[in-house]
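Student: In case you want the letters, here they are:
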Amino acid sequence: MQVSAHNLSFTLTRLVGGLCCFAGVVWGFSAGNWFIGVGAAVVGLCFLAVSTAPAVDPVKAPSRTSVNRYSVGRSPNSVHSKQSSKDNSTEMLVAEMLDQGRYTLLLRTGIIENLSDSQRDAAQRMLTESMALTPAGRVMLSTATLAVSKSATSLIPIDLDATFIDRFPISNREFEQFVSNGGYEQPSLWCADIQSMIGQFVDQTGHPGPRFWWNGIYSDGEAELPVVGVNWYEASAYGRWVGKRLVSDPEWVKAASWPLESPDGRIIQKNYPWGDNFEASRANVWSSGNHRTTSIHRFATGGSVGNVYDLIGNVWEWLHSDFDAWDDPRDRLATDEPMKSLRGGAFDTYFENQATCNFQSGDNPLARRRNIGFRCAIAASDLAITPGHDSEAAADSMDATE
Amino acid sequence: MPKQGITQLNSFRLAGVVSQVECYICGERNNENAEKCRHCSAPMSLAIQAKSQKVHPTMIAMLGSRSAGKTSYLGMLIDMLSRQNQQLHLIANGPSSIEIQQSTIAALRQGRFPETTPEHPSSWLWLACQVHSNLRRKPFDVVLPDMSGEAVANEVNREDECPLVRAYLGKCAGALIVVDATKVLVSEREEDFSVMKTINYLCELHGDQRKGWSNRPVAIVYTKTDQCESCLEDVEAFTKQHLKRLWQHCQDHLKRHRFFATTLAGACAFRWKHGERVDLPLRIEPRGVIEPFEWLLNELA
Chain A
316 MQVSAHNLSF TLTRLVGGLC CFAGVVWGFS AGNWFIGVGA AVVGLCFLAV STAPAVDPVK
376 APSRTSVNRY SVGRSPNSVH SKQSSKDNST EMLVAEMLDQ GRYTLLLRTG IIENLSDSQR
436 DAAQRMLTES MALTPAGRVM LSTATLAVSK SATSLIPIDL DATFIDRFPI SNREFEQFVS
496 NGGYEQPSLW CADIQSMIGQ FVDQTGHPGP RFWWNGIYSD GEAELPVVGV NWYEASAYGR
556 WVGKRLVSDP EWVKAASWPL ESPDGRIIQK NYPWGDNFEA SRANVWSSGN HRTTSIHRFA
616 TGGSVGNVYD LIGNVWEWLH SDFDAWDDPR DRLATDEPMK SLRGGAFDTY FENQATCNFQ
676 SGDNPLARRR NIGFRCAIAA SDLAITPGHD SEAAADSMDA TE
Chain B
3 MPKQGITQLN SFRLAGVVSQ VECYICGERN NENAEKCRHC SAPMSLAIQA KSQKVHPTMI
63 AMLGSRSAGK TSYLGMLIDM LSRQNQQLHL IANGPSSIEI QQSTIAALRQ GRFPETTPEH
123 PSSWLWLACQ VHSNLRRKPF DVVLPDMSGE AVANEVNRED ECPLVRAYLG KCAGALIVVD
183 ATKVLVSERE EDFSVMKTIN YLCELHGDQR KGWSNRPVAI VYTKTDQCES CLEDVEAFTK
243 QHLKRLWQHC QDHLKRHRFF ATTLAGACAF RWKHGERVDL PLRIEPRGVI EPFEWLLNEL
303 A
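Quick mapping for you: the protein sequence lines, in order, are chains A and B.
Under my numbering, think of the first position of the first sequence as 316, with each following residue one higher.
Under my numbering, think of the first position of the second sequence as 3, with each following residue one higher.
These are calculated hints, taken from the structure and not from any lab test.
For clarity, every value in this text was computed on a predicted model and none was experimentally measured.
Check the hints yourself; a few may be wrong.
As the list claims (entries may be wrong) - Calculated lysine to aspartate or glutamate pairs in the EDC-like style (CA-CA distance at most 20 Å, straight line):
hint: 1; chain 1: B; residue 1: Lys275; chain 2: A; residue 2: Asp651
hint: 2; chain 1: B; residue 1: Lys173; chain 2: B; residue 2: Glu231
hint: 3; chain 1: B; residue 1: Lys275; chain 2: A; residue 2: Asp646
hint: 4; chain 1: B; residue 1: Lys213; chain 2: B; residue 2: Asp281
hint: 5; chain 1: B; residue 1: Lys257; chain 2: B; residue 2: Glu301
hint: 6; chain 1: B; residue 1: Lys246; chain 2: B; residue 2: Asp194
hint: 7; chain 1: B; residue 1: Lys53; chain 2: B; residue 2: Glu24
hint: 8; chain 1: B; residue 1: Lys173; chain 2: B; residue 2: Asp162
hint: 9; chain 1: B; residue 1: Lys185; chain 2: B; residue 2: Glu278
hint: 10; chain 1: B; residue 1: Lys199; chain 2: B; residue 2: Glu231
hint: 11; chain 1: B; residue 1: Lys173; chain 2: B; residue 2: Glu163
hint: 12; chain 1: B; residue 1: Lys185; chain 2: A; residue 2: Glu652
hint: 13; chain 1: B; residue 1: Lys185; chain 2: A; residue 2: Asp651
hint: 14; chain 1: B; residue 1: Lys185; chain 2: B; residue 2: Glu231
hint: 15; chain 1: B; residue 1: Lys275; chain 2: A; residue 2: Asp643
All chains, full assembly: derive it from the sequences and hints.
Tutor: Structural data, given as structure tokens:
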């Protein structure tokens, strides 16, 4: 209603202006009173001038920040009040981003310098709490063919830089922030080749969101369950929104098996984050008897040396890499459609040897399955963290090792 | 001494020939010490057990075309029901039963499906097991042979090709008909007709309205549904959409039937071997395996 009234007033102003202008000129000159005609024309032109002046189009709903900027610009107050408004809006924006879990965006070069000490501390605290630092080093990566052949070429050494990796898989609560903040409506977050299909990524009621949600929200009591029913593209879009990306294959294996390099150069890696043997009490797989996803915080004893949890079991995790990216081209498995890499096993993984740090599976990137979730990572070099923070995170890892 | 030994052995053999036992499946006479029936290749242990212990197991058939996933399904079913002690629990009897479980699980664990069942009945493995169900007070015995899809197809297409299949199906209390869901999508008509022929064969084999196949429970089980999610979501809608003739055929011929969707693998890759596509499971996450068997047993209770 407000929109129509606004448009109507503009139309009337233009109409009155035009009519005054035309009638004044005609009547004035025809009656011989040319000064009345000129006066009417001036009044009409004034109306037209007012009606064509730039105005805010209410149809285009401005964001919270743009509303603030607009009001500051029109305010007759001093420069000081402009500055304080700007500070307030920045504070609000930072608080909102921290609330949404988008702290890594604040810790990038060019942004971190504009934060206050308390804001910077808050962002760094969130980083330390939510992500673990896997130090630079070598990892022996198992490839897709390891699942079907035990050849020695199925393990290849990869050198990695230091990376921050999420301590837990992304939960329903976290993903809801992305959905409710219009993540599915922001094309810039999505891969170009999938833009035309975003509208099909809906829940049970046709709302944008994970496949098994209803009305754009998860079911009661499922906030801390890992988000499932999202395809690889949805997982990647979420990663971009929070300023991270999906974990790569070597990063995932390194965070899980935490390899040690012996003096003679051999790499020693564990089969499971806690050791070499499977223990049903440390992960949610078929033999654990849950037969559904459980809270990401439930298996506190299943963490890796660097305190990364739920890597084994609960949900398979979408990884950034292609399924056969690390395989010898001569030995690649054929698939009906291109696949993305999955690791970790899920609540319904029947064999424990398929829920290890080394085992790799894959699936169609468009698959939205009930047992596939994801977590995110970011290279340490992408963050402009203060020197103290880096060592603090490393110390955390050391504590965990001990 | 050596002469006495030879005499004793000959007399033992003679006793075996003189005392004969009827095969539990085909009813033909066999030596008492025969392992398999010389007429139909059914295990003679069934007859001996029936005679000595008065045990008459419930016989169930598993039918389906070649490579539909019958052996994988059966092996996984045995393993799942023997691992969990819940509403339905299974105790496999005899080396043959455990061999089905062992070979299937070993293959799946190594990232491949088990070998195709040989066509000749003498090589088939038989599941003989004791089932404990919450619905029955006493445990009961079940027999289920891992029949070759080719042998069943030959028998269905040209009657009297395989006496074991004919004799066994005549005695069965119920059946699981396994259908490869991926083939349904690729070549709908073939799967449609293949299952319809099997149902027709069963109904002609024993056409009695009360005791015949038209009144025996039949579970139609789609396998490999990981590659066909619409089937997993709503199996009846899938059948009506892709196998409409089969749907109608079941309504017309089988009074007690139900459709099920099952899967063992989460996803598959493949390799070409001697010009043939060999599917390889990329992970094992069984779904809908127990339900068809449980339904069948409930119908038979």
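Student: Would you mind marking each hint as holding or not holding in the structure?
Tutor: Quick rundown of the hints versus the structure:
1. Between Lys275 of chain B and Asp651 of chain A, the direct Cα distance comes to roughly 16 Å. Compliance with the 20 Å bound is thereby established for this hinted pair.
2. Distance check on the hinted pair: Lys173 of chain B and Glu231 of chain B sit about 36 Å apart at the alpha-carbon level, beyond 20 Å; violated.
3. Annotation: proposed proximity of Lys275 of chain B to Asp646 of chain A holds, straight-line Cα distance about 13 Å (limit 20 Å).
4. At roughly 40 Å between alpha-carbon atoms, Lys213 of chain B and Asp281 of chain B are farther apart than 20 Å, so this suggested pair is violated.
5. Only pairs whose Cα atoms come within 20 Å are accepted, and Lys257 of chain B paired with Glu301 of chain B is accepted, the gap being roughly 12 Å.
6. Pair hint Lys246 of chain B plus Asp194 of chain B holds up; C-alpha atoms about 8 Å apart against a cutoff of 20 Å.
7. Taken as a hint, the Lys53 of chain B and Glu24 of chain B pair is honoured in the structure, with Cα atoms around 10 Å apart against an allowance of 20 Å.
8. Restraint check for Lys173 of chain B and Asp162 of chain B: satisfied, since their Cα atoms lie roughly 16 Å apart, inside the 20 Å limit.
9. For the given pair, Lys185 of chain B sits about 15 Å from Glu278 of chain B by alpha-carbon distance, which is consistent with the 20 Å threshold.
10. Straight-line distance between C-alpha atoms of Lys199 of chain B and Glu231 of chain B comes to about 26 Å, which puts the hinted pair past the 20 Å bound.
11. Between Lys173 of chain B and Glu163 of chain B the CA atoms are separated by roughly 18 Å; this keeps the pair inside 20 Å, and the hint holds.
12. A hinted pair counts as satisfied when its Cα atoms are at most 20 Å apart, and Lys185 of chain B with Glu652 of chain A qualifies at roughly 17 Å.
13. Straight-line distance between C-alpha atoms of Lys185 of chain B and Asp651 of chain A comes to about 14 Å, which keeps the hinted pair within the 20 Å bound.
14. Taken as a hint, the Lys185 of chain B and Glu231 of chain B pair is honoured in the structure, with Cα atoms around 14 Å apart against an allowance of 20 Å.
15. The straight-line distance between the Cα atoms of Lys275 of chain B and Asp643 of chain A is roughly 19 Å, inside the 20 Å bound, and the hint therefore holds.
When held up to the earlier numbered hints, the structure conflicts with 2, 4 and 10 and fits the remainder.
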